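A.B. asks: In order, the protein sequence lines correspond to chains A and B. Whatever position you read off the first sequence (first residue = 1), add 30 for the numbering used here. Whatever position you read off the second sequence (first residue = 1), add 12 for the numbering used here.
Wrong hints could be hidden among the right ones.
[What the hints assert, rightly or not] Partner residues aside, some chain A positions facing chain B, computed with beta carbon under 10 Å: (1) Pro38; (2) Val45; (3) Leu47; (4) Ile51; (5) Ile78; (6) Ile79; (7) Phe86; (8) Leu95; (9) Ala96; (10) Gly97; (11) Gly101; (12) Ile106; (13) Val108; (14) Leu112.
[Claimed, not checked] Cut-off 20 Å, straight-line C-alpha distance, at most; resulting in silico cross-link-like pairs (SDA-like, lysine to any residue): (15) B/Lys61 <-> A/Leu40; (16) B/Lys156 <-> B/Ile33; (17) B/Lys61 <-> A/Pro38.
For the record, the hints were derived by calculation from the structure and aren't laboratory data. Small disclaimer: the values here were computed from a predicted structure and weren't measured. Just so you know, even glycine gets a beta-carbon here, dropped at the ideal spot from N, CA and C.
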Amino acid sequence: MIYYLLLPFLSIILVVLQISIADVLFSGRLILEISLIVVIYAGFRLDIIKGLTLAFILGFVYDCLAGSVLGLFTSIYVVIFLCSFLVSMGLSTEKMYFIALFSLFCSFLKEILVILFYNYAYGLDILKKTPLIFIPQAVLISLLAVLFFYLMHRTEGFLYGKAFPVKQRAGAGRLSSAA
Amino acid sequence: MHLRNYKNVIFVVVLLVLALILLSYNFKHETGTGLVKKIVLEAAAPVQKIFVLSVKSVSDAWLRYIFLVGLEQDNRDLKKKINELNAELVLYQEGYLESQRLKKLLSLKDSHNYHFVAAQVIAREPAALSRTIMINKGSAHGLKMGMPVIAPPGLVGRLTDVSWHASKVLLFIDESSNIDVLLQRTRTQGIIRGAGARGCILKYISKTQDVKEGEVVVSSGIGGVFPKGLLIGVVSNVDRQDAGLFLKINVTPFVDFTKLEEVLVLATEEEEKH
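Given only the sequences and the hints, what does the whole structure look like? Please build it.
C.D. replies: Below, the structure is given as structure tokens:
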């Protein structure tokens, strides 16, 4: 229960933190979307109730603070969580190169959905910026994802004695909502 | 398998539908600041303030050290510049007083009675899609949606989300921003549209018009959102080659949006009565 109570506050802190860090490091040119990596991690490691709630709340907070149309990132994060969850059921998600590639894919998926939405809704051609902003951003996310997953793996080891084995096909090993 | 669980499938479908309803409703109705959004903004404001203050104190200490190099020469140059500007200021003050006298003679009155609300920038949104900043004043300080925001000498944008103690400002370089403007020299009217990092684009100026690089662009006051005469930017490039009836004009904003720290919100008494 405490997970669900803390989730909105932690989501706000995470989104604010990523905005502030990106502002300092890249002067607003790139987005340091750690929240996207957290959603992918949730898809790989958490059970569906916990993970989906996280994706929904994180997306909603991001929408509120990022100035996009309310519901856009909420929907995208839910879709990305479901993709990650389904992928983790069928494939081994422990290899770092897989995490990097999948994060790259998710980042591009997010950008494509955003581009399509803005193009359809407002007729804005933000595709022009793609090579300048979206590609380095996707690469940055994939590199950060590797670091994030490694740190989380170590944290799990520190907290539980050893990292949780990932047996996604059977659903065992996931951090369940009952935990 | 998780998805075989009946409850889980219902939960997934409900949350996905909820997200899509939220998106379509907000896209269609442009609801502005709802209660939940207000609460999120309100909760984020102190966190953002703490982060910004801690980052600023570190960067300020570093910059102070860097700026000490060559400070003496800068000081001399600035003193010289101040003397020049003081002389120029006297001329402008004379012009202003003259215009006030003429206004009085012609019985012209300002259509709005503005007062300024000073606010600090507590966060910048670095998203490629929207250009917004967050300030530490809200409806508790008399701010309302749509109020213009300036950072002397130029326009910054307008308030789009107002919570109790924090507000979001949509910068006029955002792609969704359109402002009715005038070219100061020729009084030619056009529409300025945000172009993100590239500044803004001045549209609907006929090819027959005489537009030069370096011309000042000011707000026209038409539309009622922005008062007349606010400095917007300077014409940086005029392209006459493009096919079509209108010129392609790039405008560089007066305000450096990457260095905004304090802004002024122009609160109108008229708006407050509504």
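A.B. asks: Now tell me if each hint is right for this structure.
C.D. replies: Going down the list of hints, with the structure as the test:
Contact between A/Pro38 and chain B, as hinted, is supported at the beta carbon level, the nearest pair being about 8 Å apart and thus within 10 Å. The closest approach between the C-beta of A/Val45 and any C-beta of chain B is roughly 7 Å, which is under the 10 Å cut-off, so the hint is satisfied. A cut of 10 Å between beta carbons decides the hint on A/Leu47: the least distance to chain B is about 7 Å, and the hint holds. For A/Ile51, the interface hint holds, since its Cβ comes within 10 Å of a Cβ in chain B; the closest pair sits about 8 Å apart.
The interface hint given for A/Ile78 holds, since its Cβ lies 5 Å from the closest Cβ of chain B, which is under the 10 Å cut-off. Here the hint on A/Ile79 is kept, as its CB sits about 6 Å from the closest CB of chain B, short of 10 Å. Contact between A/Phe86 and chain B, as hinted, is supported at the beta carbon level, the nearest pair being about 5 Å apart and thus within 10 Å. A least Cβ separation of about 6 Å between A/Leu95 and chain B falls short of the 10 Å threshold, and the interface hint therefore holds.
A hinted interface residue such as A/Ala96 counts as satisfied when its beta carbon comes closer than 10 Å to some beta carbon of chain B; here the least separation is about 5 Å, so the hint holds. Evaluation of the A/Gly97 hint against chain B yields a held restraint, the C-beta minimum of about 4 Å falling below 10 Å. Annotation: A/Gly101 was flagged as interfacial toward chain B, and the flag holds, the nearest CB pair being 3 Å apart, inside 10 Å. Annotation: interface hint on A/Ile106 holds; nearest CB of chain B at approximately 9 Å, less than 10 Å.
The interface hint given for A/Val108 is met, as the beta carbon of that residue sits about 5 Å from the closest beta carbon of chain B, less than 10 Å. With 10 Å as the threshold, the beta carbon of A/Leu112 comes within range of chain B, its nearest partner Cβ sitting at about 7 Å, so the hint holds. Only pairs whose Cα atoms come within 20 Å are accepted, and B/Lys61 paired with A/Leu40 is accepted, the gap being roughly 16 Å. Distance check on the hinted pair: B/Lys156 and B/Ile33 sit about 27 Å apart at the alpha-carbon level, beyond 20 Å; violated.
Taking the CA atoms of B/Lys61 and A/Pro38, the gap is near 18 Å; set against the 20 Å cutoff, the hint holds.
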